[in-house]
Amino acid sequence: MKTRREILQGLIVSIGGASALAACNGAATVFATKSGSVGRFYTANEMALVSRISELIIPRTETPGALDANVPGYLDGLMADWANEETQQVHRNALQMLQSQLGDRVNGDFLDVTEAVAESALTELDAAAFEGDESLRGYRTLKSYVSQAYFATEDGAIDELKWVAVPGRWDPAVEIPA
Amino acid sequence: MADFDAIVVGSGMSGGMSAKELTERGLKVLVLERGPEIIPERDYVDQLAPWESPNLDNVAQDEIAEHYPKQYGGVAYAIKESNKHFWVKDDEHPYEEAEGTRYDWLRGYHTGGRSIMWSRQTYRLSNLDFEANKTDGHGIDWPVRYEEIVPWYEKVETFIGIAGSAEGLPQLPDSIFQPAFELTDAEKELKAKVESAFPERNVIPARVAHLTDATEEQRSLGRSNCQVRNRCHFGCTFKAYFSSLNATLPAAERTGNLTMVHNAIVQSIEYDAETNRVTGVQVVDAETNEKHLYTAKVIFLNASTIASAMILLQSKSVTFPNGLANRSDQVGRNLMDHVSGAGAAGLMSGFDNMKVFGRRPCGIYIPRYANLNGQDKPYLRGFGFQGGASPLGNAGGQIPGIGRQFKEAHKKSGPWRVSIGAFGEQLPNSNNRVTLHPSKRDRWGNPLALLNVTYSENEYTMLEEASKDAVAMLEAAGCTNITSSDVNLTRPGNRIHEMGSVRMGRDPSDSVLNGWCQAHDVPNLFVTDGSFMVSSGCQNPSLTYMAFTARAVDYAVDLLADGSI
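If you're matching them up, the sequences are chains A and B in order. The letter at position 85 of the first sequence is residue 84 when you use numbering that gives the first Met the number 0, and the numbering goes up by one with no holes. The letter at position 447 of the second sequence is residue 446 when you use numbering that gives the first Met the number 0, and the numbering goes up by one with no holes.
No lab work stands behind these hints: they were computed from the structure. There may be inaccurate statements among the hints.
[To be verified] Here are the computed lysine-lysine pairs in the BS3-like style, where the Cα-Cα straight-line distance is at most 25 Å:
#: 1; chain 1: B; residue 1: K27; chain 2: B; residue 2: K190
#: 2; chain 1: B; residue 1: K79; chain 2: A; residue 2: K161
#: 3; chain 1: B; residue 1: K410; chain 2: A; residue 2: K161
#: 4; chain 1: B; residue 1: K411; chain 2: A; residue 2: K161
#: 5; chain 1: B; residue 1: K467; chain 2: B; residue 2: K187
#: 6; chain 1: B; residue 1: K376; chain 2: B; residue 2: K133
#: 7; chain 1: B; residue 1: K290; chain 2: B; residue 2: K315
#: 8; chain 1: B; residue 1: K154; chain 2: B; residue 2: K27
#: 9; chain 1: B; residue 1: K410; chain 2: B; residue 2: K187
Based on the provided sequences and hints, a complete structural model is requested.
Here's what the structure looks like:
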């Protein structure tokens, strides 16, 4: 089976991008941490928390979820390699705040409760965050990271978003089937 | 005997056009580029998929602070980890701002200059613009009128390729177009409602330098139609958007008359008082610090507005103690840009069942409507809006809800988000200027640019009104959740349309160039980048630079042929 890269290369040739091929070599590598362990930035507890929240925000359905796409590992890499100290600290504080707030909502440890209880607690917290509770700003940032990271992975971009490398045309009005 | 017939300083938007036009007329041309060579096959990064760029393709925050504080502060949307090599490092290429002022000098040093990274919006000026200074008394009169430049617009447009729609608007004359990127349904609704509520306003597809029906000539240069990826800031392997690297330089190259030297930083232009001619260009190699003098019969300065003015100021002689061709003392003055910082956004319902296919590299344009027939606004001149309407989707994670419904939000489009932002004209003002810093030097010994630019009351008033107009238009379109932040003018330079520092005019006592971009004081010196601009209009200016360049080359080659320069 052809890889996506090979398909893309074939497409470039077929539509006449004369000098395209060399540009396909030497792609960058993504250094994401494997899920479920101590990260390069996250402690084991933080990794577990981010894993649980990520999968609740973007669960596995007919398509891969946040854990399938290793979103927690992606965020660990983001914090370790992209973030400066200030951003790292803000993120760490946000996770602490979330663990505490979610713990209050479930009357216990958010990481230990059942899926249904956790989902219900996060649904409430999410609603409060989007109703303007400023103390939950850190959650909105985390949610943005999770969403962006998910759609930047091959699972999220290809399987869920149906991202195509070379659309080749512009259609401004495509009807969505009901 | 000169080394070359012509030297072109700079390989960007206008330098590439100088090179093409000169070489196609048979001249042996040297192009000097201060930065390293960009080889598309090696250096374009448009083919990277999202998952091939770590960290959401963000440049590490500590690295931004160290190397890109100005560049990133100005164009965070365009500088990514994978394409950061297209932008200068501020610590390697510093500049100074006059006390109490700020300036964004945003740029890249390499083959093609900023034509690699531009946002490709392409509009003609009109006679409204060419007569603006004369009408309201700010700045000096343009020595050229619209009709004179029309054939050169046409020549350039035919070559570069512009996607757009013919609208017949006198204030924004039609170009020679390839098919436009069609408006989305929400944009069509915006158009219908805005044009009905405000008959003097129009909502049209943005005009962009993208191929949508490539000509034989364009294909012969290895260019093909736009593939609608919106990866333009990363280079374009399809060479579908115009850049000098994608089009004019290859056209020059194939004549066999082009020589390009990279890493060649111009220190001065040599002047011979006896003949009253410039004779050559003194450069220092950016990597080896070796100096070299290249000679030619005619010199085209296309280093970009600030740099071209500085090269003239650095070229002092007994005849020109204040800088080459600067008897008027206008070199470095009248620095302009466009000004943004006002706009509005809102949501439009009724299109939840629609989505788009493809990633369009542009949006809508609302041409200038202010002061078209006499002065009828509380400010002079005018502005256009750029914007667009697209499905909100999951808004980068910024919509409520978790789980399946959130995950699949992008499939449902949801409401469509409309946003428009103003690009306004900045009045010419001789106090807005670049000078040579009196003491600070860069690592090659050249003076640093000292920028001193502030806005006038007119720009503030204009943008306040633009903000109100933006809200009114979105209200007329039936938008909800309309937001319009406080007017906060972009820093001078931030629109990356800096221009005007070597202006043209009829009178050698108050202008540097004549209407042919030829120095009044030195007949074989031409400046055809944005420096020559006498007023800024509110339209994105690259097309105008190239049209004047083609016209200046035609004039210069004729003068060379008849022996008068």
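*For the pair supplied as a hint, B:K410 and B:K187, is the alpha-carbon distance within the 25 Å limit?*
Between B:K410 and B:K187 the Cα gap is close to 22 Å, so the pair holds against 25 Å.
_Hint consistency between B:K154 and B:K27 [alpha-carbon to alpha-carbon, up to 25 Å]_ = holds (22 Å)
*Would the pair B:K467 and B:K187 pass a check requiring their Cα atoms to be no farther apart than 25 Å?*
At roughly 22 Å apart (the allowed maximum being 25 Å), B:K187 and B:K467 satisfy the hint.
*Within 25 Å, alpha carbon to alpha carbon, are B:K376 and B:K133?*
holds (18 Å)
*Between B:K411 and A:K161, is the straight-line Cα distance small enough, at 25 Å or below?*
Since the Cα atoms of B:K411 and A:K161 sit roughly 14 Å apart, the hinted pair holds (cutoff 25 Å).
*asked:* Against the 25 Å threshold, does the CA-CA distance of B:K27 and B:K190 hold or violate the hint?
replied: Violated - the C-alpha atoms of B:K190 and B:K27 are around 50 Å apart, more than 25 Å.
_25 Å Cα cutoff - pair B:K290, B:K315_ = holds (18 Å)
_Hinted pair, alpha-carbon criterion (25 Å max): B:K79, A:K161. Please report holds or violated._
holds (23 Å)
*Would the pair B:K410 and A:K161 pass a check requiring their Cα atoms to be no farther apart than 25 Å?*
Measuring from Cα to Cα gives roughly 10 Å; hence the hint holds.
Hint check: a violation occurs at hint 1 only; the rest are consistent with the structure.
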